[in-house]
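J.: Protein chains in written order, with this note's numbering: chain A, 1 to 300; chain B, 1 to 357; chain C, 1 to 261.
Worth flagging that the hints you see were computed from the coordinates, not collected in a lab. Source: prediction; values computed, not measured. Just so it is clear, CB atoms sit at the ideal spot from N, CA and C, and this is done for glycine as well. Hints should not be assumed to be uniformly reliable.
[What the hints assert, rightly or not] Computed far set for chain B versus chain A, every beta-carbon distance over 12 Å: (1) G78; (2) G137; (3) A147; (4) D158; (5) S303.
[Said to hold, decoys possible] Computed spacing ranges between beta-carbons, pair by pair: (6) T14/C to A30/A: 47 to 57 Å; (7) A27/B to K192/A: 27 to 37 Å; (8) D189/A to R80/C: 21 to 31 Å; (9) H158/A to E109/B: 25 to 35 Å; (10) Q133/B to T69/A: 50 to 60 Å; (11) E209/B to V19/C: 13 to 23 Å; (12) P181/C to T69/A: 40 to 50 Å; (13) A30/A to G39/B: 54 to 64 Å; (14) V92/A to P181/C: 14 to 24 Å; (15) G39/B to M103/A: 44 to 54 Å; (16) A30/A to P181/C: 22 to 32 Å.
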Amino acid sequence: MAQSSLETAAAPRRPATGVAPASWAWLGVAPFFLFAVLFLMLPTLHLVIGAFEDADGNFTFNNIVNLFTPQIMSSFWVTIEISMLSAVGGAVIGFLLAYAGVMGGLPRWVRPVLMTFSGVAPNFAGLPLAFAFLATLGRTGLVTALLFNVFGFKLYDHGFNVTSFWGLVLAYLYFQIPLMVLILVPALDGLKREWREASDILGGNAWHFWRHVAIPILWPSLVGTTLLLFANAFGAVATAYGLTGSGINLVTIMLFAQIRGDVLHDQNLGYALSLGMVVVTVLSNTAYIVLRARSRQGLR
Amino acid sequence: MAFLEIESLQKSFGTNAVVRDFDLAVAQGEFISFLGPSGCGKTTTLRMVAGFEHPDSGRIAIGGKDVTGLRANQRNIGMVFQSYALFPNMTVAENVAYGLKIARRPKDEIRQRVTEMLGLIKLPGMGDRYPHQLSGGQQQRVALARALSVNPQVLLLDEPLSALDAKIRIALREEIRAVQRKLGITTIYVTHDQEEALSISDRIVVMSEGRIEQVGTPFEIYNRPRTRFVASFVGTLNILQGRVLDGAAGRVAIDGQEIRVACGLDGAAAGATRAFALRPEAVTLGAAGSGGNTLRGTIEQVSFLGSVVRIRVKTGESGILLDTFNDPKAAPPKFGRIVEINFGEEDLLVLDSAPTD
Amino acid sequence: MKKFLPWLIMAICTIYFVVPLACTFEFSLRLKRGQYSFAAYANVFGDSRFQETFLYSTELAIATIVFGTLLVVPTAYWIRLRLPSLRPVVEFITLMPLVIPAIILVFGYVRIYNSSSLLPLTSASWSTDVLLGCSYITLALPYMYRAIDTGLQSIDIRTLTEAAESLGARWPSILFGVILPNLRVAIVSSAFLTFATVIGEFTMASLLDRPAFGPYLQLIGANRAYEPSALAVITFLITWGCMGVIQLLGRGRRGVAASAY
């Protein structure tokens with residue numbers, strides 16, 4: 001680099017590039033890479049490889065095949081369903097909320113409050129969130145009681161149960177929506193005011209603008225973030241455990257039980273389960289990252 | 001009746017009056033510039049004509065029809081933005097076709113019109129490119145084509161060249177004017193660059209702090225500025241402080257040296273101070289012949305600007321700028337030399353009374 | 001008229017987000033039949049297990065913050081200064097915890113670091129604590145790295161380093177005396193975020209069978225009626241407190257949570 005050759009000329013007694021030599025740098029980053037290998041690469045590799053081995057260590061596809069039992073397949077299916085519903089629901093509602101906050105013409109204080117809350121809310125996920133929803137919509141929850149006392153409406157008699165599939169989706173939305181808002185608000189900011197004005201003066205109305213300009217520009221962001229939300233929900237454990245216990249046959253719950261005490265009676269099947277999970281989350285997260293890069297380019 | 005009429009336009013943001021008493025009548029096919037410094041209200045006025053801002057009071061009419069209450073998408077006006085505002089997700093052709101597509105014109109008509117427009121802005125064959133693949137100047141031309149494609153009654157341009165390099169700015173402003181002439185479309189052009197306004201406008205509206213300072217042709221604005229602001233904003237100007245010796249006879253003392261002013265001093269009492277505007281190109285090196293004023297001073301600075309040489313001569317308190325053409329055969333005079341400069345009696349313009357009166 | 005829809009959306013969402021918080025608080029006051037009281041909170045604070053597990057998680061959080069920072073800061077520094085070509089690799093590594101679910105990672109740990117491996121971390125409780133600490137560092141890695149990297153970006157470390165060097169400093173004192181103080185905001189921000197994450201974490205602590213706050217929450221949730229709500233309120237307040245500090249610190253720049261995405 002030009003800078004370093006100048007330094008070489010000006011101060012020969014200093015090392016060639018003016019800063020500590022490269023060997024220091026390698027030493028400096030070594031702990032990090034060691035840590036990464038020990039606590040990221042090795043565990044993942046171990047599981048991936050183990051998925052293709054049998055109990056004696058021989059290569060086999062059996063574990064993968066054994067994934068296709070009704071119980072395991074249905075658990076994947078249920079988990080995908082819940083993740084998809086909470087992701088799409090979170091995306092749509094999050095989009096509307098972000099739109100309202102950024103472009104809805106609301107008072108100036110609304111947006112910072114929205115952003116602060118959206119920054120805090122994803123951290124609620126887990127057992128506290130489960131407890132909160134039990135206190136709200138559980139059998140003895142406040143809203144359940146209110147619905148009966150004020151409207152004479154017996155929620156649980158109508159088939160609703162917060163510790164069910166739909167209760168979990170509802171609870172997941174609590175952290176999915178804010179996540180969408182956090183990512184979408186900057187994207188909406190990137191929609192230049194002049195684009196809307198240009199569309200208007202050429203004769204377009206709000207529908208034309210959104211249909212032909214705004215949504216196409218935001219599309220990679222929207223789809224990508226939905227995928228992020230999907231992967232997020234797919235890998236969630238604590239909220240489900242706290243709200244529904246082992247009641248819903250989720251992949252993460254199943255894996256949790258398996259790690260606790262080999263309920264599948266087959267160690268390597270647990271690896272295959274993990275592999276399945278990893279494939280799903282890696283695929284959707286990679287798609288998110290790719291789409292995010294594309295959306296950054298599109299807003300240039 | 002003028003084609004575009006703006007009457008008594010007022011606009012305030014909160015307690016800040018941004019546009020005050022704006023009146024203007026624009027003829028069909030005329031090219032008008034709004035010229036002024038940042039914050040003078042020129043862009044706000046333009047946006048009110050476009051329909052993006054609503055005036056607090058006043059009226060705007062196009063072709064006899066009152067459009068004040070109409071929304072921006074109902075006025076059939078074209079607009080070119082400072083930041084081009086091309087839709088990044090569409091190709092050049094799609095951008096230009098946008099207005100026609102919204103109006104649900106038949107596909108053949110759209111295709112033909114797009115080709116016609118791209119030819120007009122001299123970018124044929126660029127239809128498949130995306131905005132980010134074009135240079136700034138090219139993007140702005142596409143923006144112009146897009147605005148014109150729907151055959152608007154009025155074309156508005158909001159500092160369209162501010163974001164471009166100097167050379168491109170000069171070339172593009174000529175192109176814009178050429179296209180406008182060819183189509184005969186009534187145009188309002190907002191700029192803070194006085195050279196730009198002077199070179200391409202039929203008439204200029206000079207604005208300051210929300211008010212119109214003067215409306216006139218470039219020639220009028222430059223040579224007969226009506227206020228001190230117009231005089232100093234447009235072109236370079238010498239402003240001299242003088243003490244009146246004899247108002248009726250037009251005799252004034254500048255830095256102790258007596259000169260005569262052709263007009264504008266009627267009724268001024270002896271001893272009163274006045275400010276005078278004097279264009280640098282009206283001043284020449286050397287003593288005056290018969291008639292004319294002569295001042296004596298020392299050369300303080302010589303700036304070689306290429307075709308023009310700008311010399312500052314210090315006469316007591318004042319430094320007077322004089323412009324003279326570059327002469328390849330004679331080097332400009334040197335710093336420190338004592339010289340005489342001359343200018344005509346009618347070259348001095350009396351400005352509003354000096355603030356210290 | 002035009003603003004009706006945004007207000008409606010805001011109203012519905014506000015209800016959705018605020019009502020559960022209100023209900024949890026109300027529920028937590030119901031321990032004594034027929035009257036509102038803070039008895040559930042008294043029970044919680046008086047519970048020795050609460051104190052022990054909370055202390056345990058706090059200590060672990062602090063350890064995570066300290067060692068995580070010690071791990072990340074030099075790395076981010078060297079990558080920026082001398083090894084820019086390794087940047088994509090490091091960024092990939094910091095993305096991995098976001099991509100691979102925590103439960104998978106901890107499953108891997110349990111299998112690899114059990115008593116019969118080279119690094120028998122799960123054999124003793126202190127070494128399992130170390131393992132859990134490392135798991136938490138892994139969880140915090142994306143946010144920590146991003147915050148510190150952004151912090152480094154805003155200070156010109158090359159110039160600072162050269163200035164310090166020309167005054168005779170060697171790299172450890174450069175790192176600690178010059179770079180670190182300028183990263184204060186970034187480090188404190190990620191510290192609070194890590195704290196909030198660690199305090200509430202359940203999956204890893206439970207599977208590694210450590211007496212952390214998360215598993216305690218689950219235990220109470222399974223056995224008691226009103227105390228879980230009290231605990232939820234307490235956890236919310238702690239999380240809010242942490243994120244509130246971060247927002248305060250991050251005023252003017254994008255928050256850590258947002259920038260991590």
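J.: Look at each hint and say if it fits the structure.
T.: Verification of the hints:
Remark: the non-interface label on G78/B conflicts with the geometry, its nearest Cβ contact in chain A lying 7 Å away (cut-off 12 Å). At the 12 Å boundary, the C-beta of G137/B stays outside the reach of chain A, the nearest C-beta of that chain being 18 Å off. Distance check for A147/B against chain A: the nearest CB is about 8 Å away, which does not clear 12 Å, and the non-interface claim fails. A cut-off of 12 Å between C-beta atoms contradicts the statement that D158/B is not in contact with chain A; the least separation is 9 Å.
No Cβ of chain A comes within 12 Å of the Cβ of S303/B; the nearest lies about 35 Å off, and the non-interface call holds. At roughly 50 Å, the beta carbons of T14/C and A30/A sit within the given window of 47 to 57 Å. For A27/B and K192/A, the hinted distance range of 27 to 37 Å is satisfied, since their beta carbons lie about 34 Å from each other. Separated by about 28 Å at the C-beta atoms, D189/A and R80/C satisfy the suggested range of 21 to 31 Å.
Checking the proposed 25 to 35 Å range against H158/A and E109/B shows it is violated: the Cβ atoms sit about 58 Å from each other. Between Q133/B and T69/A the Cβ separation comes to about 53 Å, which falls inside the hinted range of 50 to 60 Å. For E209/B and V19/C, the hinted distance range of 13 to 23 Å is not satisfied, since their beta carbons lie about 52 Å from each other. The hint said 40 to 50 Å for the Cβ distance between P181/C and T69/A, and at roughly 58 Å that hint is violated.
Under the hint 54 to 64 Å, the C-beta atoms of A30/A and G39/B, about 58 Å apart, fit the expected range. One distance hint, 14 to 24 Å for the beta-carbon pair V92/A and P181/C, is violated here, with the actual separation near 45 Å. Judged by the Cβ atoms, the range 44 to 54 Å given for G39/B and M103/A is violated: they are separated by roughly 26 Å. Distance hint check: the CB atoms of A30/A and P181/C are about 25 Å apart, consistent with the given range 22 to 32 Å.
Violation of the numbered hints given earlier is confined to hints 1, 3, 4, 9, 11, 12, 14 and 15; the remaining hints are satisfied by the structure.
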